[in-house]
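Chemist: If you want the building blocks of each chain, they are given just below.
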Amino acid sequence: MSFFEGTDLWTLAVIVGLTGVTILTRSFFFFSSEEWALPDWAQRGLQYAPIAAMAAVVLPEILMQQGEFLHTWMDARWMGAAVGAAVYFWRRNVLLTIVVGMLTFLPLHLLAGW
Amino acid sequence: MFFKAENYRHPAFMEGLRDLAPQAPGVAAWGLMTGVAMVNSGMSVFEAIAMTLFVYAGSSQLAALPLIVAGAPVWVILATGFCVNLRFMVFSLHLRPYLMHLPRLERMVHGYLTTDISYVLFTRRFAKPSEDPAEQMTQAASLAGNTFIVWASWMVASFFGIFLAKIIPTSWGLGFAGTLCLVGILCSLASTRMRIFAAAVAAATAIMAYHLPLKFNIVLAIGVAVVLSMSLERFQTKRAGEAA
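If you're matching them up, the sequences are chains A and B in order.
Residue numbers for the first sequence follow my numbering, so the first one is 1 and each next one is one higher.
Residue numbers for the second sequence follow my numbering, so the first one is 1001 and each next one is one higher.
One chain only, chain B, in its complex shape (with noise of 0.2 Å):
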């Protein structure tokens, strides 16, 4: 959490900071394209100015904008709402050791602000949670400053879309940045054999699976690729040893 001295005092925080500027633009592009959906679709300025405050996940804003607009019950939205972020349950999972050391509300605000961006760079940059207290306060603070300016870029840009809806065309898919963004990180981590099989088999997985309702085909693609890639790992290892 990025309003904390010890972490925003810390040189890890400017480090975590840097490491996620060059994405920023991209987080920057969605952000904008969001906030213009949110009041094009028909929501106040005050409603769509919450929505950015308080929900701040992109896609469950996007997923709930026709289902509030069609008037649907409260617990559909809820629910799909929830299937849409079922992937961040995963990624709190492998988080866990990294943040355990910290105080439950820390944790938990550690974990509200993480993103798929802030997530994959976050464990890009540590391989490994830490058992040594001085080097955990620098995975800490360096998460911090990583969600930190996510968070400040997704902020401003929503307020502009939310403010200039009308006169932003949507038409000219500026949104695409972020998908841009994306793909630059997927290069980024695309550095060994097994991973990029892991990529190829959650990439085939999401776009077989596409018709499944409420994006299962995401938190879908990543069960079957995590499985599989794990599966061929132990296989691989087994293997070697026979042959030694």
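The shape of chain A in the complex, shown without the other chains (with noise of 0.2 Å):
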């Protein structure tokens, strides 16, 4: 595989205008340097917002397959993420929320097929 082979404008235009989007949706807010603040109501209802981001993206990804939920309890990704979630709050310990979560997929997702 060459380096540039297959490399079009086309495509470089295209992620181009994805940079774009990426600055313009991180940055939305910071672009003004007017002053001007939330009222407060608003600004205590955004405190929900990182762990409702969290759940949003999360749980469908646990407990769907295929955009359906899930119709069998024997699947290694909810079980995965069970076994992370009660390392996590049995140590704390996010990176080892991730190697336990991942020794629980593997088999069951490689050996058992689910």
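Be a bit skeptical, because a hint or two may be false.
[Unchecked claim] Covered by chain A, per the in silico footprint, the following chain B stretches (three or more residues, Cβ under 8 Å):
{"hint": "1", "region": "1041-1054"}
{"hint": "2", "region": "1121-1133"}
[What the hints assert, rightly or not] Per label pair, the in silico range of CB-to-CB distance:
{"hint": "3", "chain 1": "B", "residue 1": "A1134", "chain 2": "A", "residue 2": "A37", "range": "19 to 25 Å"}
{"hint": "4", "chain 1": "A", "residue 1": "R44", "chain 2": "B", "residue 2": "A1134", "range": "22 to 28 Å"}
{"hint": "5", "chain 1": "A", "residue 1": "R92", "chain 2": "B", "residue 2": "A1240", "range": "26 to 32 Å"}
Calculated from the structure, these hints are not laboratory results.
Every value quoted in this text rests on a predicted model; they were computed, and no experiment measured them.
Ideal placement from N, C-alpha and C gives every residue a C-beta, glycine not left out.
Two chains, two frames, a set of hints: combine them into the complex.
Modeler: Next comes the structure, spelled out in structure tokens:
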């Protein structure tokens, strides 16, 4: 595979555009230098945004398969995640959550075929 | 932004970095699989490297790949990336008071580098923005350390994925390490009843609205969870006030 093989200008233009999209969305409210602040209640409400974002990204990943809620409990992903979560509450360590979760997931996924 | 001396010489830089270190393998697993996915979709190595270096947003990269392969109209690809990234706008709204003391360009570089994990761990560490200039410096330096380690792990792992795409087995599901990393972070945030309520609402909304196009379910779930938690909080304080 050579470095530039298959490179075309159209794809590069799309990449430039997507870079713009990243800048636009991640810095959206940093652009304006005007003095304004959210009302207190809204600022308080945003405290719930981090955990909501994590739950919204993670739970469908674990509890759904091919766009549908799991039909079976024999699924390596939710088991890996459940064991990982239990390890987290036991040891409060994300690295251990990842390691033990993977050690649960991989055998079930690769050997048992779940 | 990690390349500014005033940030990387600050002691809070290393603290932010250490805060993030346990999560780094999860970030790396995701970067690796994203690198593999880009090359396997038929992108050239040069294109995959450009995308890694500049777009720097895993979920919008993955969403764009099939559209690029299919040769979809450019505006469709950009609109898809935009919708997948909508949650970042919420994050920047939340982070605004933390960074407004900085010049515009610096704020925007901080914003560009702040991914999901950085945002969540930064707001976990600093529950409130500060009025005090020294503390503001500390917060910015901590965010710089935090985003640096995410950026570095993501970049190194993506490059491995791009160059080793042919020999890394995708069927093993190594990317699941990224999901487990978020599971750990989710558990670390679940410290009050109200937060657990917010997580449950967000999860239920995201699953029920899963079939909305363009991952709208994520930003909808955040919106519904924030509004319901806020209302419940007000209702509770009102009742407490009446009782007293």
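Chemist: All the hints need checking, so say for each whether the structure fits it.
Modeler: Hint-by-hint comparison with the structure:
Chain A is given as covering the region 1041-1054 of chain B, and this holds because 9 residues of the stretch bring a CB closer than 8 Å to a CB of that chain, at least three being needed. With 3 residues bearing a CB less than 8 Å from a CB of chain A, the region 1121-1133 of chain B meets the requirement of three and the coverage assertion stands. Look at A1134/B against A37/A: about 21 Å separates their beta carbons, and that is inside 19 to 25 Å. For the pair R44/A and A1134/B, the supplied restraint of 22 to 28 Å holds, since their beta-carbon distance comes to about 25 Å.
At about 31 Å, the beta-carbon gap between R92/A and A1240/B stays in the expected band of 26 to 32 Å.
Comparing the model with each earlier hint shows no violations; every hint is respected.
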